[in-house]
Amino acid sequence: MGAGKSTAIQTLSETAVVSTEAANTDRATADKDTTTVALDYGEITLGPDEKVRLYGIPGQQRFDFMWSILKDRAEGMVLLVNNDAADPIGEMLAFLDEFRDLYDRGGVIVAATRSDVSATPTVADYAAALSEHRPDLVVPVFTVDPRKDDQMRTVLMTLVANIEMRSMFAAPAAAVAE
Amino acid sequence: MHGHETTTGPTRTSPPDPFGDVLTGGYAGSRTGTGPATTGITVPSFGWTGVAIALHRLQQEPSASIVTVRVPGHLPLVVDVEANAYWWDTPLELFPADPADVEVVTVAKDPAQEASRQPGADLDALLWLIGNHSFLGELAWWLQRHDRYRLVRWPNLTTLPHTPDQMRMTAMLGYAFLPVDELANAAETDPAEARRLVNAFSLMRLLRSESPAPADVAATPEPVVDPAPHLRPQRGGLFRRLRDRLGL
Numbered sequence: 001m002g003a004g005k006s007t008a009i010q011t012l013s014e015t016a017v018v019s020t021e022a023a024n025t026d027r028a029t030a031d032k033d034t035t036t037v038a039l040d041y042g043e044i045t046l047g048p049d050e051k052v053r054l055y056g057i058p059g060q061q062r063f064d065f066m067w068s069i070l071k072d073r074a075e076g077m078v079l080l081v082n083n084d085a086a087d088p089i090g091e092m093l094a095f096l097d098e099f100r101d102l103y104d105r106g107g108v109i110v111a112a113t114r115s116d117v118s119a120t121p122t123v124a125d126y127a128a129a130l131s132e133h134r135p136d137l138v139v140p141v142f143t144v145d146p147r148k149d150d151q152m153r154t155v156l157m158t159l160v161a162n163i164e165m166r167s168m169f170a171a172p173a174a175a176v177a178e
Numbered sequence: 001m002h003g004h005e006t007t008t009g010p011t012r013t014s015p016p017d018p019f020g021d022v023l024t025g026g027y028a029g030s031r032t033g034t035g036p037a038t039t040g041i042t043v044p045s046f047g048w049t050g051v052a053i054a055l056h057r058l059q060q061e062p063s064a065s066i067v068t069v070r071v072p073g074h075l076p077l078v079v080d081v082e083a084n085a086y087w088w089d090t091p092l093e094l095f096p097a098d099p100a101d102v103e104v105v106t107v108a109k110d111p112a113q114e115a116s117r118q119p120g121a122d123l124d125a126l127l128w129l130i131g132n133h134s135f136l137g138e139l140a141w142w143l144q145r146h147d148r149y150r151l152v153r154w155p156n157l158t159t160l161p162h163t164p165d166q167m168r169m170t171a172m173l174g175y176a177f178l179p180v181d182e183l184a185n186a187a188e189t190d191p192a193e194a195r196r197l198v199n200a201f202s203l204m205r206l207l208r209s210e211s212p213a214p215a216d217v218a219a220t221p222e223p224v225v226d227p228a229p230h231l232r233p234q235r236g237g238l239f240r241r242l243r244d245r246l247g248l
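Heads up: the protein sequence lines correspond to chains A and B, in order. One point on numbering: in the working numbering, the residue at position 51 of the first sequence is 51, and numbering is uninterrupted. One point on numbering: in the working numbering, the residue at position 194 of the second sequence is 194, and numbering is uninterrupted.
Isolated chain A, as found in the complex (with noise of 0.2 Å):
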């Protein structure tokens, strides 16, 4: 909680996000007045059929039956993690775990947020401990700002390529050439 992911979604979407805020009762965690309690929603049009939706789902463990809805269906993942948080890498982990088909198949990406008022962990820190966890991937680990544009869309476009660029190494050669 306070990472950032409502305003992450409202920076990336073009029509305005659906949310579903309310107040927030655990100020121990994060200061905040509100907090997430359901759901993000937002969009970026490519064509008449065609859309990409983005979804913000709260990272409580008590709303984990929003996770199971998502998971399967989405094809890739933003993992905002609160820089300033008392265990960022453990939350990670624990959260790519849960996520871990998506993890799998290349469509993650770990987005630190607040790091300007906490620099610890950094991006290597975050890397090290992935790394130890699944030695075979190379998940991207960036930080930013979820007000930033340019920012947000360097996170969406890199999970985008990397999505694309799993399945494109990961197919047998000899599926794909015919």
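Check before you lean on any hint, since a few could be wrong.
Unchecked claim - Distance condition first, Cα-Cα at most 25 Å in a straight line; then the derived SDA-like pairs of lysine to any residue: (1) A:K148 to B:D244; (2) A:K71 to A:A94; (3) A:K148 to A:I44; (4) A:K71 to B:R241.
Stated by the list, open to error - Listed next, the stretches of chain B that the computed footprint assigns to chain A, with coverage defined by at least 3 CB atoms under 8 Å from CB atoms of chain A: (5) 70-81; (6) 93-103; (7) 240-248.
Derived by calculation from the structure, the hints in this document are not laboratory data. The structure presented is a predicted model; accordingly, all values stated were derived computationally and were not measured. Glycine residues also receive a C-beta, built at the ideal position from the N, C-alpha and C atoms.
Starting from the structure of chain A, add chain B where the hints point.
For chain B alone, coordinates are given in the frame of chain A:
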């Protein structure tokens, strides 16, 4: 100056042997006067290549040294490889991509001066720029054309100026060991752009490498003109459509 100099004075860096005369033209104090006859080709200045070489040497042989770089029109740039930090009044948005004349001096650290220095900026962003603007689009001399390279970790792209092609090539290097020629072919980019990217990643220490067996090198056709079918780019894919939509 920053402590005891390990060189005899503020010297311009010498071009690396592997590039020999190619890199010496137009370079004060170089071998242009005694080398082969000129060919009529305008040879670019040495630019950031000497800085890249000096920094790479310190990366390979760590020592308590700093590198001072003097670029005309700018205050000195100070780099501490050991601390992964640099100090420069010039913001990187104003990075001089092709300076006419660059002086590089490696000096021992002065403990008193180090103690009074403010915390430096993270070196990765500077190494990214130096790597992309050195070696004239050729491979850095410590890299090998036939070696295959793969990322150890991604660069922090939100903090680095980059192109969509660089992003795609980075994603490729995240999944597979690739020689630079094959990387360029797979990404359908100018081979010089692939070499610049690999140079930058090498300088940022983001790469691991594999060397092919000598027999494989001898058998490698050059250049690679047609990537393996499964490495053909998906130019019409979602990445392309999203890039067009976002105006990147």
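| query | So which of the earlier hints does this model not fit? | reply | Numbers 5 and 6, in rising order.
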